[in-house]
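Based on these hints, arrange chain B on the given structure of chain A.
This is what each chain is made of:
2 protein chains.
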Amino acid sequence: MLSTAQDSLVFKNISDEVLLHGTCYNNLRVLCKKIGNRISGSPQAAKAVEWGQKAMQDAGADKVWLMPADVPRWVRGYERLALRYGNGKFKNVTMLSLGNSVGTDGKLLEAQIIMVNDFDELNALPDEQVKGKIVFFNYRFRQDFVNTFNGYGDAVRYRGFGPVEASKKGAIAVIIRSVSTGEDDVPHTGFTRYVDSIKKIPAVAVGNYTADTLAAACKKGKVFAQIESKCKLMPDLVRSYNVIGEIKGAEYPDEIIVVGGHLDSWDVGEGASDDGAGCVQSIEVIRTLKALGIRPKRTIRAVLFMNEENGLKGGIAYADSAKANNEKHILAVETDAGGFTPRGIGLEMGPDQRAQILPFRKLFMPYNVYDFEHDEGGADISPLEKQHVPMAGLRPDSQRYFDIHHTNNDVFEAVNHRELKLGAVALTQFVYLMSEYGLR
Amino acid sequence: MLSTAQDSLVFKNISDEVLLHGTCYNNLRVLCKKIGNRISGSPQAAKAVEWGQKAMQDAGADKVWLMPADVPRWVRGYERLALRYGNGKFKNVTMLSLGNSVGTDGKLLEAQIIMVNDFDELNALPDEQVKGKIVFFNYRFRQDFVNTFNGYGDAVRYRGFGPVEASKKGAIAVIIRSVSTGEDDVPHTGFTRYVDSIKKIPAVAVGNYTADTLAAACKKGKVFAQIESKCKLMPDLVRSYNVIGEIKGAEYPDEIIVVGGHLDSWDVGEGASDDGAGCVQSIEVIRTLKALGIRPKRTIRAVLFMNEENGLKGGIAYADSAKANNEKHILAVETDAGGFTPRGIGLEMGPDQRAQILPFRKLFMPYNVYDFEHDEGGADISPLEKQHVPMAGLRPDSQRYFDIHHTNNDVFEAVNHRELKLGAVALTQFVYLMSEYGLR
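Taken in sequence, the protein lines are chains A and B.
Going by the numbering used here, the first residue of the first sequence is number 1, and it counts up by one from there.
Going by the numbering used here, the first residue of the second sequence is number 1, and it counts up by one from there.
For the record, the hints were derived by calculation from the structure and aren't laboratory data.
With beta-carbon atoms standing in for the labels, derived distance ranges: (1) E251(B) to N123(A): 49 to 55 Å; (2) L292(A) to E251(B): 55 to 61 Å; (3) T213(A) to P43(B): 33 to 39 Å.
These stretches of chain A come out as covered by chain B in the derived footprint (C-beta under 8 Å, 3 or more residues): (4) 361–370; (5) 397–407.
This structure is a prediction, so every number in the text was calculated from the model and none was measured.
A virtual CB, placed ideally from N, CA and C, is assigned to each residue, including glycine.
The shape of chain A in the complex, shown without the other chains (with noise of 0.2 Å):
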């Protein structure tokens, strides 16, 4: 299994026809411009099913359907976070609810903040100095991990979990100090976790500068805070889709390589390179084989999955239909961690489907895509593990994700055309490699 000059030559030929007609760029501003934030259950979200369907038709797949998925709406509602310091007055601050957060009950809740920069010393204090408290998480996300990912699976504890240690111990409310690399006051929303036999209290985000500044008054004194927010989980659960796009495989077309990124998005900003650069590259990667008229050997399915932020009830959806139509996947691939310039691509799976990557390696390398040793595969992706399928994942440059990851910021213009491209060129490269070789 070696890879030949052929086969440098089809990589050159992907390569130039992203970068010169390539067509994702175009469809992310669409996305985000047109449609914007979609969060799952909303009308934008509908919306956004409709463009991926259309897109990936334009894109020329031999087949495009809509797999229903019944998702979880959450709606973020009038909310606000007034800080008080010593004897001054409430100012409100920039927040963000958590999402999948409760509301206040139409009651505004006011009480001293107790601070905690870890888990450690939340439960090192007597629940009787919790109780009725707002606990402010003052956890920061470490700068010293040269991939930022690893501060944030480091730092998404407090945002995850925040809420329910908390309120074990008593405490009404929560606010954490955003999940977030940037120098900065924005606030960045995600999903937050109940436990059902655990008093679900509302939970907010604030930016850097804010919990620089809450933090420092903390130390020295009495803080108090007000919350009043009508986000809410509504009752039932709201019909929604995968949008699926297919190109048959020509010798092999019952070995299925799955590509995708996640349709849905936070309900701030435009969702634009959560997961929006993952959408549009997954489009690409069908457009430009058929563009080249490249026939590849085994089937390539693009899947825009719906409601990775808060549910997965897409990648569900997609891995039982894949069980109970007894579909033989060869392998998932995700994108979803930015449009920004690509730098490897992870695997996750066994050491003899690796053996069998690792040769083509240098195959990447004029395209400055050079790491493929970490694993690395994706949420929407994830359901499929349990039939065994190995994944792999687009690594981007990390840097800035977490600057603008669930924010206002996250928009448009915050991804740049040719690192958006070079994301779509790697991954068609990986996806039409994998289907003339297939893996064993």
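Coordinates of chain B only, in the frame set by chain A:
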């Protein structure tokens, strides 16, 4: 000459120090926002010299000094380009005169445009078809190169030599499609080169959208242009300076490693990526080594060179001084490719010296710096080449650079704090290593 676990530890300390306590991003903010753009010989350039001297002292350099360099001063005056399509009216378009361009001597030039796609097309035209006309060089930046510096090297010929070549055939002015990867209408300035024996004619640049419209119109029928410009090169040189900060080597103080970027910029935007980034990274090398208490074995000099953009007088002055003082430079390193995420370090030296550096590559891999395969030095250090000094250059990712290079969009906000810092990390690690092991 093998790297040790100790080197790996120092590399990590350098990374932590810059990522957690680096001052380069704040230094860049001050340079961009308090001083702004700073073309050679301007009052802003003089302020930048003062700023640089202070920043180098704050970084803890053992010794800081200014090295005189007399620089040309080019001044952009009132400038205007208007286009008339068919029987329409003249309408002003967004434009920038090229740097070093002559003006129109108080006159308004008005003439028909003759479009050529490249020099071959120009040279194929009979002189009488060009005489008295305004030549529009419609050469597109090639987007198919993965590294945009290759596209720049290809397209910049038209900016550099277009006016001379058009003037040879009797043209009265030149319009060029900007040397730009941008999908926008942003004009890019930059140096154009005259020859004394050929009449100097004014040269202006338009953004890609205006160039697209103009090209389409030229294909359809006659287009006329009006150009007015008060741009001029001042008759006298202006006294300016390189800013130098040094840490004296502990074991081999006479062996010098120089690391630098350039302090001057074009007179648009804020000179953030070109090359404020390189300046603050070079200062960060000094600060980081000092903060970590590292006494390098060899002498390390950070240099903020003056006048890279339109004369290279600072680089020449430095090389002249090195020669006059019989200094032994074992390595010169430049950072002048933007404060983007680092990809590698280019080497411009003999195979024997290259062979001494390549075994260290693995130390850089955890920092995503892997590419040591390319030749790269830098303009400011190039005058040292005559003294056979080995050269190296930081290679950041190139995708975004030529969207903003030499434009009003080259501002602080287009630089990411973590990308800038990681460039400084790689630069400090490399300079540290070379100071420990030397280069024979």
